[in-house]
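For this one, chain G is given, so just place chain X on it according to the hints.
If you're matching them up, the sequences are chains G and X in order.
Just so you know, the first sequence maps onto residues 430 to 632 in my numbering.
Just so you know, the second sequence maps onto residues -10 to 759 in my numbering.
Hints in this document: simulated from the structure, not taken from any laboratory.
A few of these clues could be false.
Unchecked claim - Derived lysine to aspartate or glutamate pairs resembling DMTMM-like cross-links, with alpha carbons at most 20 Å apart:
| id | chain 1 | residue 1 | chain 2 | residue 2 |
| --- | --- | --- | --- | --- |
| 1 | X | Lys129 | G | Glu526 |
| 2 | X | Lys493 | G | Glu526 |
| 3 | X | Lys534 | X | Asp149 |
| 4 | X | Lys101 | X | Asp156 |
| 5 | X | Lys182 | G | Asp552 |
| 6 | G | Lys513 | X | Glu62 |
| 7 | X | Lys606 | X | Glu33 |
| 8 | X | Lys64 | G | Glu577 |
Below, each chain spelled out in residue letters.
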Amino acid sequence: MLIKNSFFAAVLMILSFSAQSVTLADVQQKLTAHSLLRGQFTQTKTMQMFNQPLVSKGKFLLHQDQGLLWKQVDPFSVSLVLVKDKLSQQFAEQAPEVIAAKDNPMVFYFTHLFLSLFKGDVDGLTDQFEMKLSEKGDNWLLLLTPREAPLNKVFANISIEGSDFIDVLVLSELSGDISEIKFAQQQTTPKTLSEEEQRAFQF
Amino acid sequence: MPSNSKPAVFWLFFILLAAVGLVRQTVLQPDLPIETNILALLPENQQDPFAQQAFEQVSSNVSNKVVFLLSGEDKPQLAAAASAFSGKLLTTNLFSGLSAQLSEQQQQAWAKLYFPYRGQLLNAQQKESLQQAPEEQVTKVLQQVYNPFSGVSGGELKNDPFLLFRDYLSSRNNSSANFTLYQGYLTTEYQGKYHIIIRADLAGDPYDTQLQNRLSALDELETTIKTMFHVELEHTGTIFYAAYGTQSAKSEISTIGVGSLIGVVLLLLIVYRSALPLTLALLSISCGLLVAFVVTAAVFGKVHLFSLVFGASLIGVSIDYAFHYLTERLVQKDNWHSQSALKHIFNAITLGLLTSLIGYLGLLIAPFPGLQQLSLFSVVGLLGAYLTVVCWYPLLAKSASTTAVPKLTFISLWLKAWENPKFRTLLPSLLLLFSLAGAFNVHFDDDIRQLQALPAALKTQETYIKTVSGVGQSQQLLLVKAASDNDLLVRLSEVGKQLTVWQKQGLLLNYQSISQYVPPLLSQKENFELVKSLYQSQAQNLSEKLNFSQAVHFDQPFKPLLVDDYLASSVSEPLGFLWLDKINGKSSAVILVNDMNDKQILQSYINEHDDLTSLDKANEVSAIFGTYRVHISKLLIGAYLLIALLMFWRYGLKLGFLVISPPVIAACVGLAVTSVAGIPVTIFNLLAVILILGIGIDYTLFFAEQKQLIEAKNTLLAITLSALTTVLSFGLLALSETQAIHGFGITVLTGIIVAWLLAPLAMTSRKVKR
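Pulled out of the complex, with its shape left as it was, chain G reads as follows (with noise of 0.2 Å):
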């Protein structure tokens, strides 16, 4: 019995041990270390509507201060600008399409939702998210689940995985639909943005 009570309380300690070793601050303290990121993604799209899952892969550019570059490459080529309150799209060739916040504010809203999730801006999701942090081998796993509507009409929970930086992020619809994000090869070099990458935040 004193045993057992005495590993009980061991288990006890590691596990509020290990609850403490990785805080919020700690993750929001990582993910806005480097104020320039840049890496792969391939996105996954498991949906009932589909055969297969919709998978599609490019590159991004997650800038602190200006926004966020998103250059999808296959299947087709298209890329989304994301500033604070404008988002550009372009397809293809095509000219780029800009809708402002101010004038469709339904679409901003997700925007910036997907926008604090990819900077780690706990601050600003507390408010709509109950949040659990827990730690998943050498990595943290912050599970997002929503408050209020209309996200909690859409979404089961959401999920961030990481360590240094984000890996994997996950959207768990209450249909089942599943949307996941991976990133890989994130550099936090060079640190200046090029001239090209200067201008796409630009418009």
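Leaving out everything else, chain X in the frame of chain G:
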């Protein structure tokens, strides 16, 4: 002429009756019969009863709304403040309902309303693209499905594979474009701060003074919220302006009323130094006001505050009859006989009353309920004061005065000056010259908004709230009529097309119309066909590109979305009032145009279409004001010619001329001073001219009516007293915050002073020489 006590008894009976009437109108009623709605002063739209009814429907709806704006830098704190505020708002008993935190149901309301009809709803852009290049819709779907930020869910794709509904829905929501939901609150960001908007509906009429009294509870609540949560809290709504109007009118009534009463009492005490004259004077004033209030309330149902403000100044005019009698008593001393004294002044005060009545009755002709009330109030009030003097004074003032006539050095000097022939011509000529110079400066302005005192603090809040919420600073109402609901929707969307063109040209900010929410039947059918053919031609293509597991097909039947469906939904709460109830069996609706810069182009568009009317009460009334300003000017000249004829008949050409010129010069000077002071001349200044002529001629009449030169001093004393009281009451009107009343006060003030200065002109030269 009364020589016995019969009229006195009759008058007493009447006064007692009036007193009973007053008790019934005030004490025995739950509400005082006092109207504070500025709109009640205005004429109804005579030419267009349809527009009048439409205006009433819209204004009753709009004026019941109150908007609050909470602002702060800390978003969660702000939401907490909004929650605390909206939780307590109903306890003020001011509101019947509020919309603060949108429930999930309310948030889904738009989608819920439109979803069943999604196959027949397209915005202009979608329509165009489906007509020209339906295959592009497939590309758009692909793009959005792959785009991780678009938030396309599996469920959405299943219900609406071409993703048409989301674009339609977001284009409909543009009216509240600035706002997003935060914890269910409509929230927006502006100038580095967050703002939450809360709307509430009043529990009653914003002009109801009992409702207005509850504003203090709201005030307390607002202060608590502000200090507790460190947020800013702004509000706007008709009730705040109405309450302010009531408050300022009340304080003006008491300033003018108390001010002139104190002045009158002081004058009476200084000049007559005895209790009887004071009592008598107060008696005639109160009888006048009593009868005036009771009769006006009986005729019009309610007395408007505006009439009361002017009415309070009646104190200064109705006292005149008393002054003449009391001065007679003061001077006669031991020779005093109360009946023959009345005989002595009877002609003069009766003529004076008649000329005043001519002036006031002229106002009855104008079709403004406000002016008619004012006119009736004044006519009855003057008659009441006059009858009190004529019927009661001889009985009440039997005893002779025991006080000495006050030293009248100034009066003697002034009269002496008039004996100088040069002075007699020079002063009036100079004043006339000045008024001619002023005439070149006259600037007419018929804007009705001058009638309303708009406090800067409330105006600033309104502007701020409008800026933050992006609704534009000025709203114009466009009334559209049609034979049936569907015809109306067709017309609304046609007018909407024109407005959209102007909006794209930057001529207007935006507009709200029911056709933006409920497309006409024909257009729903067209959309339905477009969507159907989109499915027919592109479903295969889309299915292949996305590798759909099941076939995409369109199996919705056509079922029209009706205005009634929209009105039945909670989404119609903010703008449903734009759709009006049937008037004479016709359908009509109002389009709200925000910040129209080019009024001219809109007006000519309205003129070109018979079924369009601009619902602009302020402009409409201002136009009527302008017309009536001209009418009243003519009427005034007519009335004055009539008075002139009366004077020529009684006094002959020369004296008649001397009797009528001082008031005319006085009126001209009054207008000249007003325009030199930079105050625009309105219909109200013409009313002032009527008063100057009506009162000013009293002064000269008394000089003309005097039998001996020795009386000149008494006459001048009496008219000095009455001029002083008039100046006192109307001078106080010049303190009014309402520009129209302020201007009126200035004109009367200067006019009366000049009329008084020039009155000795009517002393005949023969008498002066002697």
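Identify every previously stated hint that the structure contradicts and give their numbers, smallest first.
No hint contradicted; all consistent.
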